[in-house]
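J.: Given next are the chains, with one letter for each unit.
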Amino acid sequence: MSHWLADLRTFLRSAWQGLRASPTTAAVATGTIALCLLLAGSFALLLANMEGMLERFGQEIRISAFLDDGVGVAQQRALLARVRTAPGVEGVELVTKEEALARFRASSSGRGELLEGLDENPLPASLEITLVPEQRNREGMEALAQVLRGLPGVDDLGYGHEWVEGYARAVSLVRGLGLGIGAVLGLATLLIVSNTIRLSVYARRDEIEILLLVGAGRGFVATPFVLEGMAQGLVGGLLALGLLYGFYALFLPNLADALRLLLGYATPVFLSGKAAAWLVAAGVGQGALGSAWALVQSRWDA
Amino acid sequence: MWRGAEAAHSGAGALVRLFHVSKSFLPGTWALRDVSLEIQKGELVFLTGPSGAGKTTLMKLIFGAERPSEGQVLVLGRNLGRLGARAVPGLRRRIGVVFQDFKLLPRYTVEENVGVALEVLGTPAREKRSRVFSILKRVGLQHKRFQHPLSLSGGEQQRLAIARALVTEPEILLADEPTGNLDPELTLEIMELIASAASRGTTVFVATHDHALVDRYGRRRVRIEAGAVTEDVRLGGAHL
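Residue numbers (the numbering used here), protein chains in the order written: chain L, 375 to 676; chain W, 335 to 574.
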């Protein structure tokens, strides 16, 4: 145990000395990681908000089953009872023709005269159906719609499935783009960090040679470099997270109106704690992998 | 005429054995040619010969920095021609080397330069501190232990290199021109250190141009010229 601790102390000291010896190289590597993670983090933030928005809209999903005008009150009640027991249904409300008209008038203030002069109420009675939370998605809506279409007296259905589908496609696209761009950014960072650390390895080739000559194994020599990379990645990751939050907090008030328009009444959110931890962990991983790759590529001939 | 056959022992207790070893860096040129040697435990061997004769190459072969082109090199019971790369560090931990160009770590302090040889061995921190201080005292650098090598004189750097090589109490000590930068007084002090290591059982190779040193301490002299051993004799060395 004390042997392990002694080794760890040695490695940490050596890594610290390495960072102090080449602060410019360390700063470039750290800055590169921070910049790449900032871009990746921005995508993650956009994605999180788009998914969150879909989630919130999903909670508002309801289906309107418009009834034939010929459906009488008794049949309306029977349909109400039938739909209430259909799978995936949370609640059903019967909206009569009169209620529909009243709601229309209330919601179209100033334009209520649009319906004046008509001999009869053109609005149909409907069943307003809300879904249980787990069915508030495209599949759930489609399944219930299938049941409703088969019911006698149901004339038409109204639900925003086209919109929901389009939005889900947009989220898939953004998620795919995010993953693709994240992968490209990750690889680019890895190469840049690796090359930056190679410079550091090259600058310290004499030290490496001496350590090997006094009997150090490759692990003994390599560990401080990997720790250096991890430290740079950690700082880079935290820097990216801080900058991302800074931009989020700084620009959000100015963009609030535009966001409200874009997101409806949904509130924009920052990355979750888990996502933020992943962002920093990605920096640490990039630093470690970049160092390891740099060492693999550096030939030790001593 | 080389009298190696007469000089060589039976080989039973030999720590270093070279059998018809040749080393070539470029096709058609030989840094070492058909060298055969057996060195016993605790022997103090001086390697002499002009610059470029092959002394440094011979030492590099012994601590595994080079592989022989032909022949066999056996060190501490290991055949270096067949030694895997992973086993080389283990071998080097048993060998102390004083390099001609010192090979000190400029970013490390004097104390850390010596301590790194013990860190490689996994020596506990307290023991390391004590051993480092002790060896620095022996080479007269204890008061400069927090300085960096570049602030030391050439002679001090050389003593530091010797301290690093000796701190692990190696079974074999290889010293390439260990007194090349020292004044006569320091030369004797350093040679005393090296000779005392030999008297404690360490097998010591010293490559030098200093004939006075060989005459004074020499117990065995191996002369190399143009990559070949031309002389291998035991001498009745004078001792202080």
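It is worth saying that the hints were derived from the structure and are not from the lab.
As the structure is a computational prediction, the values presented were derived from the model and not from experiment.
Some hints here could point you the wrong way.
To be verified - Partner residues are not named here, just some residues of chain L that face chain W (Cβ under 8 Å, in silico):
#1 382
#2 384
#3 577
#4 581
#5 585
#6 587
#7 588
#8 589
#9 591
As the list claims (entries may be wrong) - To spell it out: a stretch of chain W is covered by chain L in this simulated footprint if at least three of its residues, at any positions, have a beta carbon under 8 Å from a beta carbon of chain L; those stretches are:
#10 374-388
#11 451-461
#12 530-539
Heads up, the beta-carbon is just placed ideally off N, CA and C, and yes, glycines get one too.
J.: Hint by hint, note whether the structure agrees.
T.: Status of the hints after comparison with the structure:
1. 382: violated, 11 Å
2. 384: At about 5 Å, which falls below the 8 Å cut-off, the nearest Cβ of chain W leaves the hint on residue 384 of chain L intact, so it holds.
3. 577: Violated: closest Cβ of chain W sits about 11 Å from residue 577 of chain L, beyond 8 Å.
4. 581: The hint holds - residue 581 of chain L has a Cβ within 8 Å of chain W, the shortest such distance being about 6 Å.
5. 585: OK, holds: residue 585 of chain L within 8 Å of chain W, min 7 Å.
6. 587: Constraint on residue 587 of chain L satisfied, holds at 6 Å.
7. 588: Constraint on residue 588 of chain L satisfied, holds at 5 Å.
8. 589: For residue 589 of chain L, the interface hint holds, since the closest Cβ of chain W sits about 4 Å away, which is under 8 Å.
9. 591: At about 4 Å, which falls below the 8 Å cut-off, the nearest Cβ of chain W leaves the hint on residue 591 of chain L intact, so it holds.
10. 374-388: With 0 residues in contact (Cβ-Cβ under 8 Å with chain L), the coverage given for the segment 374-388 of chain W is violated.
11. 451-461: holds (count 8)
12. 530-539: Violated - the segment 530-539 of chain W has 0 residues with a Cβ nearer than 8 Å to chain L, which falls short of three.
Violated hints, listed in ascending order, are 1, 3, 10 and 12; each of the other numbered hints is respected by the structure.
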